[in-house]
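Please put together the full structure from these sequences, using the hints given.
Protein sequences appear in the order of chains A and G. In terms of the numbering used here, the numbers along the first sequence are unbroken and rise by one, the last being 277. In terms of the numbering used here, the numbers along the second sequence are unbroken and rise by one, the last being 364.
Derived by calculation from the structure, the hints in this document are not laboratory data. Positions of the beta carbon are idealized from the N, C-alpha and C atoms, including for glycine. Mixed in with the good hints, there may be bad ones.
[Said to hold, decoys possible] Which chain G residues face chain A? A few, computed with CB under 8 Å, are given here:
id : residue
1  : Ala56
2  : Gly89
3  : Val108
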Amino acid sequence: MRGTLSDRMGAALLMAPLLLFLVLAYAWPFLGVVKWSFTLPTPGLGQYQALITDDLVQSVFIRTLRIAAIVTVVSVAAAYAITVVWVRGTPAQRLIAEFCILVPFWISVLTRAFGWVALLSNRGLINTWLQSIGFISEPLTLVRNEFGVVVGMTHFLIPFAVFPLASAMRSLDERVLLAARGLGSSRMRTFWTVFVPMTRSGIIGSAMIVFVFSLGFFVTPAILGGGRSVMIAELIYLRIFQSPDWGLGAAISVVLVVFVGALMALLFRYVKPKQLV
Amino acid sequence: MQQPGRAAEIKAIGIGKSFGSFRALDNLSLNIGRGEFLTLLGPSGSGKTTFLMILAGFVQPTEGKLLSDGTDITDRPAEQRAAGMVFQGYALFPHMSVEANIAFPLKVRKKSATEIKKRVGEMIERVGLVGHEKKLPSQLSGGQQQRVALARALVFEPGVLLLDEPFSALDKSLRGQMQAEMKRLHQETGTTFVFVTHDQSEALALSSRVAIFNHGKLLQVGAPDEVYDRPDNRFVAEFLGEINMLPLKGVKPADNGSTGLCEDRAVSMHCKAEKVRGDAILAIRPEHMSIAREAAAGENGIAATAIASTYLGAATKLDLTTRQGAKVTVSVPNEVAAAALSKGNSVWLTWPAEKGFLLPEGGQ
Chain A
1 MRGTLSDRMG
11 AALLMAPLLL
21 FLVLAYAWPF
31 LGVVKWSFTL
41 PTPGLGQYQA
51 LITDDLVQSV
61 FIRTLRIAAI
71 VTVVSVAAAY
81 AITVVWVRGT
91 PAQRLIAEFC
101 ILVPFWISVL
111 TRAFGWVALL
121 SNRGLINTWL
131 QSIGFISEPL
141 TLVRNEFGVV
151 VGMTHFLIPF
161 AVFPLASAMR
171 SLDERVLLAA
181 RGLGSSRMRT
191 FWTVFVPMTR
201 SGIIGSAMIV
211 FVFSLGFFVT
221 PAILGGGRSV
231 MIAELIYLRI
241 FQSPDWGLGA
251 AISVVLVVFV
261 GALMALLFRY
271 VKPKQLV
Chain G
1 MQQPGRAAEI
11 KAIGIGKSFG
21 SFRALDNLSL
31 NIGRGEFLTL
41 LGPSGSGKTT
51 FLMILAGFVQ
61 PTEGKLLSDG
71 TDITDRPAEQ
81 RAAGMVFQGY
91 ALFPHMSVEA
101 NIAFPLKVRK
111 KSATEIKKRV
121 GEMIERVGLV
131 GHEKKLPSQL
141 SGGQQQRVAL
151 ARALVFEPGV
161 LLLDEPFSAL
171 DKSLRGQMQA
181 EMKRLHQETG
191 TTFVFVTHDQ
201 SEALALSSRV
211 AIFNHGKLLQ
221 VGAPDEVYDR
231 PDNRFVAEFL
241 GEINMLPLKG
251 VKPADNGSTG
261 LCEDRAVSMH
271 CKAEKVRGDA
281 ILAIRPEHMS
291 IAREAAAGEN
301 GIAATAIAST
311 YLGAATKLDL
321 TTRQGAKVTV
331 SVPNEVAAAA
341 LSKGNSVWLT
351 WPAEKGFLLP
361 EGGQ
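See the structure below:
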C-alpha cells in the first residue's frame, strides 16, 4: 500500500542524510573511477579491451565467480540449518543459535582471518592434532589456497545469510506444516516438500547477499589465499597500489560494480526488500 | 467414492489435557459414531479445539485413551492417523497449484500417477473447481480456497474428517452456501465429520449431534433439538440461544411432569423434577412464549409489563418485566407487540407446559 504524499515526503526527508552521505562518499568518487577507466593511461576503450584479452584478469574473474558460488552454496546451507534451530528450536536451542549468529559480528574480519590461519596452517592446530593421533603423516594444505579462502569467507558470511532465512521462516504459517502432517506426510517429507519451498524467497535473498558480498571480498582472500588464490578485489588493489596501472584497476572496478548492480536488480525482481530483513 | 463402512468410529475415554497448570480438557468421554456429523460447540477457550487437535494427533492428551474402530491410537502420530483435516484459514500449500494441493495426500501415499490424476479430477469436479486446476491458492477467493481445503482433506477417503472453524473467515451468504455444500459432501462420502464451531446456529443447522464444551468440560451431547429443547444446565440453555429464566419455588413431581410456583402462581411442566427439588429455574425460549390479555385458570401464565421492542422484520422482539422484576424477552408477531406496547400496561405471558424446562438453581 502506498502512503499519502506527506508520508512519502516524510520518509524522503528521513532518508536524505544517508543518501547525501552515499552520494558524497561513494557515488561521486566512483564517477572519478569511471573516468579513469576511460582516460588512463590514454583516452579510449583500451583498458576494457585489455580486460577482455588479459589472461590473468580473466582467470581471476573466473576464480572469483567460482569461489563466490561455492561459498554461497555452503553458507546458505549451513545458515539454513542454524536458522531452523534459531526460529523453531526449544528455548535453550534458540539461545545457543542466537549466540552463534551474533558473536561473529563482534570479532573483526582481520582477527578471524588470522584465527583461521592459526587453525589451518601446516603447523596449525588441525594439522598438529591430526598428525599427533597418527591420522596423517604429512600436513594437509588447508590454507594459502582456495580451500582456506572458502572456509574463511563461509565463516564470515553465514551470519549474513541467516537474516533473510529467518524472516522467511518466521512469516510461515505453522498450520500449513500441521496440515501436511495431518494429510499423512512424514516430518522429513514435510520439511523438503513444504517447508523448504515455502522459504524460497528467503533462500534467494540469502544466496544473493552472500554471493554479492563474496565478489568484493578483500581481507579474507588476501590473508587465507596467501597470494596464490587472488580474487577480484585483491587484483584491483594490486593494479592500483603495486603496479601503477590505474586505468586497468578502474576498469575492473567498473565491471564489478555493474555486475553486482545487475545482480541486485535481478534479486529485487524476485524478492521484496522487506523479505530480506 | 467412499464405502460408508469405511467411516471411522471413535471412542474417547477419560481424555484430559493440561498445559502447565491450565486444565484445557477434563475427563472427557465421548463416542463418535460411524458416519455421524458431530459438532463440538463452545466459546473460545472451552477445550473444543484442543479436543479436535487431540483427535488429529497434533496434541498429545495428558491422560485418557483414544480408540479408532477399537484400535488404541492415543500414541499414534498425526501422519499415521489418516484423518482428513480442514484448518481455520485453510492452510493450503501456497507454493502448489490447486491440483497439486489436492494431489498431495495421494502422493504421500505413493499412489500411481494415473490414479492420482483420476481421483484429483473427480474431486475437483465434486467441489466445483473445474477450470481452476492450475491456479495458486492466492489467486482464489475465500470460498474457492475453502473448497480446495475440503477436497484435499477428502481425496484420500479418510475415515474421519476434522474441521476447525472452517467458515469463520467467510461472509454470511457464502457461509450458508458452504454449509449446504458440506452437508452434501457428508452425505455423499458417508465419512464421519467432526466439526468445531463457536456459532450455535451453525452447529444446530449442520450436525446430527452437538457436543457442548465449557471450561474444558463436556457439558452435554445430543441431537440439535434435544440439546436446544432439553438442555441439562444453564450454560447449555443460554449458549444455544436466547432464553428466559424465571425463579421457581416449591418444585415437586406431579402426575405427568412437575409443578411449582412462579411468582405465586402455580405452573406445570411436562419435564420431570429429577435433578431439582424446591427452588429451581424455569427456562423458556422466547419463541415459545405468547402474549395474552389474561391467562385462563390452569394455564401457565405470568403477569408482566412491556417496556421495549425491537423490530426484526418477520417478528418483533419484545422486552418485558414481571411484577417481581424478572426480565423476559419474547418473539411475537409485529401487531401483537404494537398492541402490547401501546397499552403500556399489564399483559400476560403464557406458554405450553411442554415448552418449559427445569434447571437447577444457581451455578451452571
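A quick look at each hint next to the structure:
no. : hint   : verdict
1   : Ala56  : holds, 6 Å
2   : Gly89  : holds, 6 Å
3   : Val108 : holds, 5 Å
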